[in-house]
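Starting from the structure of chain A, add chains B, C and D where the hints point.
Chains as they are written, first to last, in my numbering: chain A, 7 to 317; chain B, 7 to 317; chain C, 7 to 317; chain D, 7 to 317.
It is worth saying that the hints were derived from the structure and are not from the lab. Some hints could be false.
Remember, identical chains collapse to one label, so a pair may be satisfied in a single copy or spanning two.
[As the list claims (entries may be wrong)] Straight line, CA to CA, 20 Å or less: simulated SDA-like cross-link-like pairs of lysine to any residue:
| id | residue 1 | residue 2 |
| --- | --- | --- |
| 1 | K18 | F103 |
| 2 | K18 | C91 |
| 3 | K18 | T99 |
Quantities reported herein were computed from a predicted structural model and do not represent experimental measurements.
4 protein chains.
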Amino acid sequence: MMDRLLRRCRIKSRLFRECLAEFFGVYILILFGCGSVAQVTTSQNTKGEYLSINLGFALGTTFGIYVAKGVSGAHLNPAVSLTLCVLGRFSWTCLPFYVCSQLLGAFLAAATVALQYYDAIMDFTGGHLTVSGATATAGIFSTYPADYLSLWGGVVDQIIGTAALLVCVLALGDPRNTPAPPGLEPVLVGAAVLVIGISMGSNSGYAINPARDFGPRLFSYIAGWGDEVFRAGHGWWWVPVFVTCVGALLGALLYELLIGVHHPDSEPEEAEDLTAVLQQTVELDGMQPKFDFFKENGKDGIFSITSADTG
Amino acid sequence: MMDRLLRRCRIKSRLFRECLAEFFGVYILILFGCGSVAQVTTSQNTKGEYLSINLGFALGTTFGIYVAKGVSGAHLNPAVSLTLCVLGRFSWTCLPFYVCSQLLGAFLAAATVALQYYDAIMDFTGGHLTVSGATATAGIFSTYPADYLSLWGGVVDQIIGTAALLVCVLALGDPRNTPAPPGLEPVLVGAAVLVIGISMGSNSGYAINPARDFGPRLFSYIAGWGDEVFRAGHGWWWVPVFVTCVGALLGALLYELLIGVHHPDSEPEEAEDLTAVLQQTVELDGMQPKFDFFKENGKDGIFSITSADTG
Amino acid sequence: MMDRLLRRCRIKSRLFRECLAEFFGVYILILFGCGSVAQVTTSQNTKGEYLSINLGFALGTTFGIYVAKGVSGAHLNPAVSLTLCVLGRFSWTCLPFYVCSQLLGAFLAAATVALQYYDAIMDFTGGHLTVSGATATAGIFSTYPADYLSLWGGVVDQIIGTAALLVCVLALGDPRNTPAPPGLEPVLVGAAVLVIGISMGSNSGYAINPARDFGPRLFSYIAGWGDEVFRAGHGWWWVPVFVTCVGALLGALLYELLIGVHHPDSEPEEAEDLTAVLQQTVELDGMQPKFDFFKENGKDGIFSITSADTG
Amino acid sequence: MMDRLLRRCRIKSRLFRECLAEFFGVYILILFGCGSVAQVTTSQNTKGEYLSINLGFALGTTFGIYVAKGVSGAHLNPAVSLTLCVLGRFSWTCLPFYVCSQLLGAFLAAATVALQYYDAIMDFTGGHLTVSGATATAGIFSTYPADYLSLWGGVVDQIIGTAALLVCVLALGDPRNTPAPPGLEPVLVGAAVLVIGISMGSNSGYAINPARDFGPRLFSYIAGWGDEVFRAGHGWWWVPVFVTCVGALLGALLYELLIGVHHPDSEPEEAEDLTAVLQQTVELDGMQPKFDFFKENGKDGIFSITSADTG
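Extracted from the complex, chain A is given alone in its bound form (with noise of 0.2 Å):
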């Protein structure tokens, strides 16, 4: 009964589901991540620490490419996208769709966290949301760079740290290299997450996306923490934003500079039979997942990017 009420619901553009995958993933991501800071934060490290965050907004990742990567390839992240669209592997029509979900879901999710630790952020703060200060608050939600960082050391710290998720991102998803085993994507790019938290996470707190540093800005704004989120750390709130953009299409140069160009041609008839014999030994295997990798197989691709129509 409950399963025909459902189905009445179901939505038949493509984009349309794509973008709610893109929404949910970045829920789930956000609800995760920012769910841990506000509970190392609140509890005043006594209920986890450093590494909780870490692993928090890791796991966050898996969990949100778990939710959407069948659907839209969770890319979950605008910078992504962008870099997808410029090596030709996702259509810039999709692109504005595709971020406007991935902010929206960021956006609600923040959100979500301020819900469940509301009593919580209220006890810790004695209800004074600031920015800084030792009750500092608003970084439950958005990236604030260190004290000593300068501008121009935020900027680095941004794009070598956007630049390395790319870079093993197309690692993990380049068919011609060692890609991850499929069904465990979710988890190794998480593990690219966890990484980066461990080795970059100092100087600003690694936002290397968009959309995870956005939305939750924006609603802490509106929130009640005011304008100093975006006027703290000299105007610090555009760098998350469009650095990590530039970070992310070096990191894809790089990696196709270095590795992705230099795999040897399979010659086009013999790929062609391949596909077919492949497509067969898929549907014997019966594991729809690996279907988008074969798809792909012919041009470098990450894994599992699909789009409504990729141009």
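Showing chains B, C and D alone in chain A's frame:
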């Protein structure tokens, strides 16, 4: 010889076998989970920390599922069993049997933890078994809200936590999304419990499972902690029992509405053909667990949910 | 050239090969396990913490199994070997050879740890090798009970701990339940050791393995810690040696009674057919390890237990 | 369009491609590894702890291997390349090219870490770049022995550590033992690095890799830490460079003598047949990485070691 003796104990009732598996699975979950709290509490954080407790429940879940999954589908959580009934993937008739087995497993595991840590608890408390105070030990068995948490805040906390669990579990088991690799579902569900503990644990101890909370609470009531275990936190005990069920249903609804129902239909004829082919493959592959996976291909199934007689 | 020299050393006796593998597997287990205790002890918690020790023994177990599993089945634990004999899955004739190899591996690994940490131990203790006190170092090698633990409490602790280990190991290797994916059994058995250390480690250091405890204890007796290593804890030494065997048998009994014996029979004729098909598949798949898995399909086997001549 | 531009940069020399992969793999390893030390050092343990550093090098190794393995086999360590030459599994002609690429990658990664943490290092040290003292930062780049460690003790430490690494790596890649599942070798080699850091890290910082230590040391020498980086620890610098090679050879010898050479021969005719069947399967499976695995079946190979022209 021992083999033959054991075989005499074989039980032919499918439901009874499944209930034994649910019992033993929850027993293992709580043995490791509550055991890790006992270790951290009685050693006063010298032999573990908050993260150990998160890992204890996460790996407890993992091994509880390994113990039960091939037999009963490893719900290990009344809120999960209930949700599967509502989704039409589990039989209402079996529900009470599963729930009782889960509660019994949790109760006996709590007793085992108390037995294993008897000397430690006596040494730590000086023999005073209390629910609050510096040497409180009731928290070994069941969850209690933080001082700052309002009842309404606790309800929201348990709804969000259990909803997040169900979203992750349904995504991991959705064969048309990115399902967990066969044989690794228990690890990934454990990872979901880990991240919930890391990001949603400080408010009220992430019960997210009525059996996990109520079985041990009942044990602590009987074993000497007294009726304070039910009165503490303004009568907190019912929140993890009933509110988690609401959260589980909400999470399932969200996953289905945002992801599940929108998967494009495979046409029925083709699907049947495919099933035949799959079955063939599975026989060739010889990995029994894969079988469950595919059997349910047609109905959006959570992984390997089997039941005595799904109505 | 080196290849040829090496090949001259080939040993043809299957039992001898297996004993070498058990020796080397336990050596690796203890090298990493006791090494992590040495690191945490001599660095006074600055280069690790209790969780490091848990990870050290867990990953030590993982790599010990990777080293030995393809040759000897990687028991790496006399209590496991004994239990497999009682279950009829390992030969009583081979048992003493396996146990001696395991003990020798643990002894030599303890010596290696002492060699690697010689300077550190001398610096930390000022040359006084003691079993108790602020600079006690005997705990690097073998387990000692907490001050509060009664003998009876220690017996219960070791029974529950070793029983939990066997339940996990038997579940992971039960082909009719949810077996671990081929090639990942070592990781999952390591995870079982991790969670036992996290939830059952504070009472007496989770020996759960006679060789892990007695081999290094013997070394520390000879190497200068004196007979206090046998007298400490009211003569604790025999508990990890003998009581763990009782625990292992209890765990195996529980798993078989609650899960193992109730698996529905496949009829014998069909099973034979299936085996033939499987063997064919395995040849096609070319993954040798899978082979062991299926060979034992018919007798409820723990994964890849091979033996010189199982009676 | 970008695709076409990239394709113009394609390099046809196999050795050059492999050197690029070794370069980039070590770069990623050191970027994450030394980055995690920089984070823990400059944040004074508030944004990480010793375990973070262990995880940083472990996951750095994992992603370094994912980046390079499909192209060069991902040695990422001159001691590993050398050992493979001695074992006859890698070409002596290629050895110097691999080693130089690895050193260059480590050098440039150290420079990148210094760039990313420039502000942090300046703030932490007040601009005084020192090798020892309360604000020492040379340890971000390369290893230094603990004060108590004798030279002989350091030599033993590096021999045991690197031998342990090789035993684990050879076991994981031995197709006649329990090889790591295809696609997860990078994770498991990372786990080996993790456990070595947890159990053998406190004496001298587990270099176990000449490139990991010497490349960054050279950078720190040039970048302002001065010749103290070579004089510290009574001229410690050569131990991680040369002694690790001895350790690697010892580890390989031990694995081969105790496990490797004793694997029973498959008769040659049968083996050939099997290879044919495998190749067929592999084509059906379409997972290129598996291919490398089997190609070397006949010569006891470490996983996917490919070389320009193995003599």
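For each hint, the structure was consulted:
1. K18 x F103: Within one copy, since 16 Å is at most 20 Å while 40 Å is not.
2. K18 x C91: neither (24 Å within a copy, 27 Å between copies)
3. K18 x T99: Intra 18 Å, inter 36 Å, cutoff 20 Å: intra-copy only.
The earlier numbered hint that this structure contradicts is number 2, and it is the only one.
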